[in-house]
Amino acid sequence: MVDLIYFSWIRERIGKSGESIETRAATVFELIEELKKKDVRYSEVFSDLGSFRVAINQELASFDASILEAKEIAFFPPMTGG
Amino acid sequence: MYISVQNEFFDFSEEIKNFTATLDNIGALVTFTGIVRGQKSKTLDYMLIEHYPGMTETQIKLIVEETFKRWKICDALVIHRYGKLEPGETIMMVATAAQHRKEAFEAAEYLMDYLKSRAPFWKKEVLNGKEHWVEAASEDEAALNRW
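From first to last, the protein sequence lines are chains Y and H.
The letter at position 50 of the first sequence is residue 50 when you use our numbering, and the numbering goes up by one with no holes.
Numbers given in our numbering equal positions in the second sequence, counted from 1, plus 1000.
Warning: the hint list may mix true and false statements.
[Claimed, not checked] The calculated DSBU-like cross-link candidates involving lysine-lysine, where the alpha carbons are at most 35 Å apart (straight line), are: (1) Lys1042(H) <-> Lys1102(H); (2) Lys1061(H) <-> Lys1072(H); (3) Lys38(Y) <-> Lys1124(H); (4) Lys38(Y) <-> Lys1084(H); (5) Lys36(Y) <-> Lys1124(H); (6) Lys1040(H) <-> Lys1130(H); (7) Lys1130(H) <-> Lys36(Y); (8) Lys1124(H) <-> Lys16(Y); (9) Lys1069(H) <-> Lys1130(H); (10) Lys71(Y) <-> Lys37(Y); (11) Lys1069(H) <-> Lys71(Y); (12) Lys1061(H) <-> Lys16(Y); (13) Lys1040(H) <-> Lys71(Y); (14) Lys1069(H) <-> Lys1124(H); (15) Lys1084(H) <-> Lys36(Y); (16) Lys1017(H) <-> Lys1072(H); (17) Lys1084(H) <-> Lys1061(H); (18) Lys1130(H) <-> Lys37(Y); (19) Lys1130(H) <-> Lys1084(H).
[Said to hold, decoys possible] Some chain H residues close to chain Y (C-beta under 8 Å, calculated; not the full set): (20) Gly1034; (21) Glu1050; (22) His1080; (23) Lys1116; (24) Ala1119; (25) Phe1121.
[What the hints assert, rightly or not] Now the in silico label distances, taken between C-beta atoms and shown as ranges: (26) Asp64(Y) <-> Ile1026(H): 38 to 46 Å; (27) Arg13(Y) <-> Asn1128(H): 32 to 40 Å; (28) Leu1062(H) <-> Ser66(Y): 15 to 23 Å; (29) Leu68(Y) <-> Arg1070(H): 31 to 39 Å; (30) Thr23(Y) <-> Pro1053(H): 19 to 27 Å; (31) Ser66(Y) <-> Ala1142(H): 51 to 59 Å; (32) Asn57(Y) <-> Gly1083(H): 37 to 45 Å; (33) Ile1026(H) <-> Lys38(Y): 26 to 34 Å.
Worth flagging that the hints you see were computed from the coordinates, not collected in a lab.
Yeah, the Cβ is synthetic: ideal placement off N, Cα and C, and Gly gets one too.
Modelling step: build the complete structure from the supplied sequences, incorporating the hints.
Set out below in C-alpha cells:
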C-alpha cells in the first residue's frame, strides 16, 4: 500500500486530499498512467505533465523515479512560497 | 539556524532581537519580509496558504543548509506562515547574518529565490467570494538559474 497525497487544485479537482492504494507501478510515470485509467477526474488532472510536480517520501522526484520504496507520494502544482 | 513554519502572527522586530541576541562578531544583517499585497474588496480580500507539513520543514532546512555551504554566513532565519492571511499581513521573513554585507545580501536573495519555488507552499487568492490559485511565475523558476 502506498499513500497518495494531493495538494492545491489537484486536491480540489480529484475531490479528496489523499488515498491509500495498491499499485503495480514501478515508476511515478506508470502510477500516473494507472491513475488516469481510474476516472475522468484523474485523467484530466494528470493530462499535462508540465502542470504538476511529484514528491516521493517528501522529496521532490522526477516522473521516471522508482516508487518501489515509496510510502508516500504527493502530487502538487509548482510551488508558490515566499 | 532558526526555521519556523507557523499559522500565528509574528513580530518582526521581536524575531530580529532574538535572532541577533546570541550572535557574536557579525558585521552585516540582511532581512527580507514578505507582505500580502492587495486592497481589501478591491484586489484581494484574503489569501489562503496551504503547505505540505513535514516536507515543508525538511525542504526549508535543506535550502538553508545549502546557503551555509555557499556563503560565509554566521546564521540564518526563516519564518513562513500558512493559513488565512489578509492584505498587509506579514507572510514570511528571512534574515541572514554575516561578517560582511555581500555574503549577507546574496545569501538572503538565494534563500528567497529557493523558498519561492522549492518550498511546498501554495497560495489561493479570494476576492468577493471568488477564488483562484496563484500560478507559479516562470521568472521565479528562471531566477534559480543564476545560482
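Outcome of the hint check:
Taken as a hint, the Lys1042(H) and Lys1102(H) pair is broken in the structure, with Cα atoms around 39 Å apart against an allowance of 35 Å. Restraint check for Lys1061(H) and Lys1072(H): the C-alpha separation of about 17 Å stays at or below 35 Å, so the hint holds. Between Lys38(Y) and Lys1124(H) the CA atoms are separated by roughly 28 Å; this keeps the pair inside 35 Å, and the hint holds. Proposed proximity of Lys38(Y) and Lys1084(H) is supported: the alpha carbons are some 34 Å apart, at most 35 Å.
Restraint check: the Cα-Cα separation between Lys36(Y) and Lys1124(H) comes to about 26 Å, which is no more than 35 Å; the hinted pair holds. Taking the CA atoms of Lys1040(H) and Lys1130(H), the gap is near 13 Å; set against the 35 Å cutoff, the hint holds. For the proposed pair Lys1130(H) and Lys36(Y), the alpha carbon gap of about 29 Å is at most 35 Å, so the pair holds. Using a Cα cut-off of 35 Å, the hinted pair Lys1124(H) and Lys16(Y) holds, with the two alpha carbons roughly 17 Å apart.
Restraint check for Lys1069(H) and Lys1130(H): not satisfied, since their Cα atoms lie roughly 44 Å apart, outside the 35 Å limit. A C-alpha spacing of about 22 Å is found between Lys71(Y) and Lys37(Y), which places the hinted pair at or below 35 Å, so the restraint holds. At most 35 Å may separate the alpha-carbon atoms for a hinted pair to count; Lys1069(H) and Lys71(Y) meet this at roughly 30 Å. Taken as a hint, the Lys1061(H) and Lys16(Y) pair is honoured in the structure, with Cα atoms around 29 Å apart against an allowance of 35 Å.
Restraint check for Lys1040(H) and Lys71(Y): the C-alpha separation of about 42 Å exceeds 35 Å, so the hint is violated. Distance restraint check for Lys1069(H) and Lys1124(H): the Cα-Cα separation of roughly 33 Å lies within the 35 Å cut-off, and the hinted pair is therefore satisfied. Distance check on the hinted pair: Lys1084(H) and Lys36(Y) sit about 33 Å apart at the alpha-carbon level, within 35 Å; holds. A C-alpha spacing of about 22 Å is found between Lys1017(H) and Lys1072(H), which places the hinted pair at or below 35 Å, so the restraint holds.
Of the pairs offered as hints, the one joining Lys1084(H) and Lys1061(H) holds, with about 24 Å between alpha carbons and a cut-off of 35 Å not exceeded. For a cut-off of 35 Å, the pair hint linking Lys1130(H) to Lys37(Y) stands: about 32 Å separates their Cα positions. This hinted pair checks out: Lys1130(H) and Lys1084(H) have alpha carbons roughly 15 Å apart, not beyond 35 Å. Because the smallest distance between the Cβ of Gly1034(H) and any Cβ of chain Y comes to about 6 Å, under 8 Å, the interface hint for this residue holds.
A hinted interface residue such as Glu1050(H) counts as satisfied when its beta carbon comes closer than 8 Å to some beta carbon of chain Y; here the least separation is about 6 Å, so the hint holds. Restraint check, His1080(H) versus chain Y: the minimum CB separation of about 7 Å is within 8 Å; hint holds. The beta carbon of Lys1116(H) is positioned within 8 Å of a beta carbon in chain Y (closest approach about 4 Å), and the interface hint is therefore held. For the restraint placing Ala1119(H) at the interface with chain Y, the shortest Cβ-Cβ distance is roughly 4 Å, inside the 8 Å limit, so the hint holds.
Look at Phe1121(H): its Cβ gets to within about 4 Å of chain Y, closer than 8 Å, so that hint holds up. Look at Asp64(Y) against Ile1026(H): about 45 Å separates their beta carbons, and that is inside 38 to 46 Å. At roughly 23 Å, the beta-carbon separation of Arg13(Y) and Asn1128(H) lies outside the given 32 to 40 Å, and the hint is violated. For the pair Leu1062(H) and Ser66(Y), the supplied restraint of 15 to 23 Å holds, since their beta-carbon distance comes to about 21 Å.
With their beta carbons about 34 Å apart, Leu68(Y) and Arg1070(H) fall inside the hinted range of 31 to 39 Å. The given range of 19 to 27 Å is respected by Thr23(Y) and Pro1053(H), whose C-beta atoms sit roughly 24 Å from each other. Separation of Ser66(Y) from Ala1142(H) is about 30 Å and departs from the stated range, judged on CB atoms against 51 to 59 Å. Look at Asn57(Y) against Gly1083(H): about 25 Å separates their beta carbons, and that is not inside 37 to 45 Å.
Distance hint check for Ile1026(H) and Lys38(Y): the Cβ-Cβ separation is about 55 Å, which falls outside the suggested range of 26 to 34 Å.
Checked against the numbered hints given earlier, this structure breaks hints 1, 9, 13, 27, 31, 32 and 33; the rest are met.
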